[in-house]
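Single-letter residue listing:
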Amino acid sequence: MRKIALFALAGALALSACGKKEEEPAATNNLVEPPVENVIIEEPDAVLPPPSNNAVATPAPPPSVSEQQQIQDDADASGMTARLPQEGEESQPADEASHSAP
Amino acid sequence: MNRPDMIRFSTLALLGASVLSASTLPAYAQTPVTQPPAMAPTLPPAMVQPLPPAPLPAPIPPLWATQEAWANDWLRSGAEQGLTARRKATATLTGDALVSALLDRAKALSTGRVDAADFLEIWALRPEPYDPRPGLAKAVAEDRLAQWANALTPPYAGYEGLRKGLATYEAIRDKGGWPVLTATSAPMVVRARIALEDRSVTPTENLTDVLQRAQRRYGLNPTGLLDTRTLAALNVSVDDRIAAIMANMERWRWMPRRLPVNRVQVNIAAAVLTVFEGDQPVTSMRAVTGSPQNATPMLSSNIHSIVVNPPWNVPMSIARRELFPKGRATLAKQGYKIVKTPEGGERIVQPAGPNSALGRLKFDFANPFAVYLHDTPARGKFSSYDRLASHGCVRLEKPVSLAELMVASDPDLNGQIQTLIDSGKTQRVSLPQEVAVYLLYWTAFASSNGTMSFRADPYGWDKLLAEKIEASSSRADPTAAPAPTPTIASKD
Numbered sequence: 007m008r009k010i011a012l013f014a015l016a017g018a019l020a021l022s023a024c025g026k027k028e029e030e031p032a033a034t035n036n037l038v039e040p041p042v043e044n045v046i047i048e049e050p051d052a053v054l055p056p057p058s059n060n061a062v063a064t065p066a067p068p069p070s071v072s073e074q075q076q077i078q079d080d081a082d083a084s085g086m087t088a089r090l091p092q093e094g095e096e097s098q099p100a101d102e103a104s105h106s107a108p
Numbered sequence: 448m449n450r451p452d453m454i455r456f457s458t459l460a461l462l463g464a465s466v467l468s469a470s471t472l473p474a475y476a477q478t479p480v481t482q483p484p485a486m487a488p489t490l491p492p493a494m495v496q497p498l499p500p501a502p503l504p505a506p507i508p509p510l511w512a513t514q515e516a517w518a519n520d521w522l523r524s525g526a527e528q529g530l531t532a533r534r535k536a537t538a539t540l541t542g543d544a545l546v547s548a549l550l551d552r553a554k555a556l557s558t559g560r561v562d563a564a565d566f567l568e569i570w571a572l573r574p575e576p577y578d579p580r581p582g583l584a585k586a587v588a589e590d591r592l593a594q595w596a597n598a599l600t601p602p603y604a605g606y607e608g609l610r611k612g613l614a615t616y617e618a619i620r621d622k623g624g625w626p627v628l629t630a631t632s633a634p635m636v637v638r639a640r641i642a643l644e645d646r647s648v649t650p651t652e653n654l655t656d657v658l659q660r661a662q663r664r665y666g667l668n669p670t671g672l673l674d675t676r677t678l679a680a681l682n683v684s685v686d687d688r689i690a691a692i693m694a695n696m697e698r699w700r701w702m703p704r705r706l707p708v709n710r711v712q713v714n715i716a717a718a719v720l721t722v723f724e725g726d727q728p729v730t731s732m733r734a735v736t737g738s739p740q741n742a743t744p745m746l747s748s749n750i751h752s753i754v755v756n757p758p759w760n761v762p763m764s765i766a767r768r769e770l771f772p773k774g775r776a777t778l779a780k781q782g783y784k785i786v787k788t789p790e791g792g793e794r795i796v797q798p799a800g801p802n803s804a805l806g807r808l809k810f811d812f813a814n815p816f817a818v819y820l821h822d823t824p825a826r827g828k829f830s831s832y833d834r835l836a837s838h839g840c841v842r843l844e845k846p847v848s849l850a851e852l853m854v855a856s857d858p859d860l861n862g863q864i865q866t867l868i869d870s871g872k873t874q875r876v877s878l879p880q881e882v883a884v885y886l887l888y889w890t891a892f893a894s895s896n897g898t899m900s901f902r903a904d905p906y907g908w909d910k911l912l913a914e915k916i917e918a919s920s921s922r923a924d925p926t927a928a929p930a931p932t933p934t935i936a937s938k939d
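As you go down the protein sequences, you meet chains A and B in turn.
Quick note on my numbering: the first sequence kicks off at 7 and runs consecutively.
Quick note on my numbering: the second sequence kicks off at 448 and runs consecutively.
Think of the hints as simulated: they come from the structure by calculation, not from any bench.
The C-beta atom is built at its ideal place from N, Cα and C for all residues, glycine as well.
Keep in mind that a hint or two might mislead.
Unchecked claim - With the Cβ distance kept under 10 Å, some of the chain B side facing chain A (calculated, not the full set): (1) Pro-499; (2) Leu-503; (3) Ile-507; (4) Trp-511; (5) Thr-513; (6) Tyr-603; (7) Tyr-606; (8) Gly-608; (9) Gly-671; (10) Ser-848; (11) Trp-889.
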């Protein structure tokens with residue numbers, strides 16, 4: 007009797023293993039919205055800042071410029087109107103009146 | 448110099464008017480023909496004599512062979528003075544053609560190549576009329592052509608600095624220019640690029656320092672970062688830099704040959720003001736100049752007075768465009784007053800006070816554009832590196848110190864400006880001496896060590912000037928063979 011039972015069990019196991027169908031896909035309930043998860047699938051890599059040749063990323067403090075240097079720089083920017091000595095002139099003359107062309 | 452002619456013309460016109468009026472007056476108003484009208488202008492016969500014939504042009508002696516050779520060489524040097532973008536092949540001239548070319552070149556170097564009729568109205572700083580013929584005739588006769596030629600160019604360090612800078616940038620161009628930089632350019636590439644313009648750069652110098660110096664030369668915020676604006680300035684082509692230098696050399700030719708030793712100069716493009724005393728800069732300050740839509744004119748004038756606590760009589764153009772659309776209630780709330788004009792119209796006045804658009808001081812000088820130097824309640828702009836934002840006036844960072852300088856020679860006014868302001872009273876203070884003021888437009892200038900600085904061309908005047916020269920200056924370099932492909936940079 008025990009032998010018969012063992013054979014029956016082995017046969018059942020063999021049958022179940024050979025005849026197993028592919029698993030059915032899990033039934034989905036189309037009436038239920040899947041929960042929205044705040045997860046980005048395939049999140050792209052964060053854009054890296056472009057390689058910078060600046061040693062520091064923050065602005066450097068303004069360069070130290072003396073008042074006299076600033077005046078000279080501004081004078082250059084306003085037009086270096088220091089008059090060059092012309093032939094026959096000893097130095098830079100200061101003529102307030104003449105606006106004559108050569 | 449033409450005043451006598453103008454008076455004669457005016458008098459003749461008056462005579463014509465009197466004849467016309469006499470013939471059209473009603474009979475009861477006419478005086479008998481036998482008597483001249485009592486109020487009619489009467490002129491001595493000498494006043495209506497015909498104009499004397501124009502003097503003949505000074506004859507120019509024939510040039511010797513050595514003079515002709517020198518003159519042809521000199522004519523080929525147009526590129527060195529920024530008259531041509533590159534050296535060009537030129538034919539050898541003789542006789543009248545050579546004399547004509549010399550006269551044209553002399554005029555181009557002395558007063559520029561823009562025809563008087565081509566000046567924009569707001570390019571009100573214009574060269575004096577100049578006839579090169581007498582000088583050339585004298586130079587040929589005395590065999591002093593080189594000295595004559597040397598005296599033609601503007602006798603200022605600024606022009607000379609540009610001339611040297613032009614040679615530097617043309618050499619850079621001839622060696623292939625500079626590379627285009629990006630934010631990823633290697634530090635050594637950036638350093639090498641900047642070193643092309645700034646010879647003080649060393650291979651081991653901190654890049655931040657190199658960049659800050661470059662940013663100061665371009666009028667940018669000296670952050671030491673290779674930011675977008677710095678990249679843009681560094682990537683301006685060398686040809687465009689050369690064109691800017693040439694445009695500024697041309698504007699130098701409009702300057703008077705002698706400037707008053709005491710003067711105020713404003714660079715509109717850089718929005719900066721410098722005070723010169725005894726021909727030396729004694730103080731400077733930031734300014735706010737006209738926006739591109741409200742360009743500050745180039746001009747020269749004399750500051751004759753300062754208005755303390757000035758009201759602002761709003762120009763109608765600004766009132767129509769910006770204030771009247773706000774509505775009367777809003778204007779009243781903002782402190783404006785609408786007043787009737789004698790013609791029956793209305794104008795807007797902003798009373799004097801701390802919020803007046805003119806601030807506490809206005810420096811008055813005659814000009815047809817209604818622009819002035821003045822204080823402003825909007826102080827924040829002075830810390831910006833973009834200071835072209837006014838309606839055309841020049842707003843001053845330190846108006847009180849400028850006013851104090853101008854009145855210092857008057858013992859009654861010396862040190863009194865702040866007191867006058869504090870009084871709250873509107874009053875005009877006449878200056879002990881008028882002070883010359885020059886509103887100039889420089890987009891390229893050399894520092895004393897020869898390094899060039901540049902500003903953007905906010906009004907587009909460099910390009911416009913190049914176009915005007917291109918249109919009118921075939922006479923400037925008549926020996927030049929036509930360029931194969933004319934470009935804007937070919938300013939001959």
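Against the structure, the hints come out as follows:
Against a cut-off of 10 Å between C-beta atoms, the interface hint on Pro-499 (chain B) is violated, since the closest Cβ of chain A lies about 23 Å away. Interface restraint check: Leu-503 (chain B) against chain A, minimum CB-CB distance 21 Å, threshold 10 Å, status violated. Hint on Ile-507 (chain B) is violated. Least Cβ distance to chain A is approximately 17 Å, over the 10 Å limit. A cut of 10 Å between beta carbons decides the hint on Trp-511 (chain B): the least distance to chain A is about 22 Å, and the hint is violated.
Violation of the interface hint for Thr-513 (chain B) is found here, the shortest Cβ-Cβ separation to chain A being roughly 20 Å, above the 10 Å cut-off. For Tyr-603 (chain B), the shortest C-beta to C-beta distance to chain A is roughly 5 Å, which falls under 10 Å, so the interface hint holds. Because the closest C-beta pair between Tyr-606 (chain B) and chain A is about 8 Å apart, less than 10 Å, the hint holds. Interface restraint check for Gly-608 (chain B): the shortest CB-CB distance to chain A comes to about 6 Å, inside 10 Å, so the restraint holds.
At about 3 Å, the closest approach between the beta carbon of Gly-671 (chain B) and any beta carbon in chain A falls short of 10 Å, and the interface hint on this residue holds. Nearest Cβ of chain A to the Cβ of Ser-848 (chain B): about 12 Å, over the 10 Å cut. The hint is violated. Because the smallest distance between the Cβ of Trp-889 (chain B) and any Cβ of chain A comes to about 6 Å, under 10 Å, the interface hint for this residue holds.
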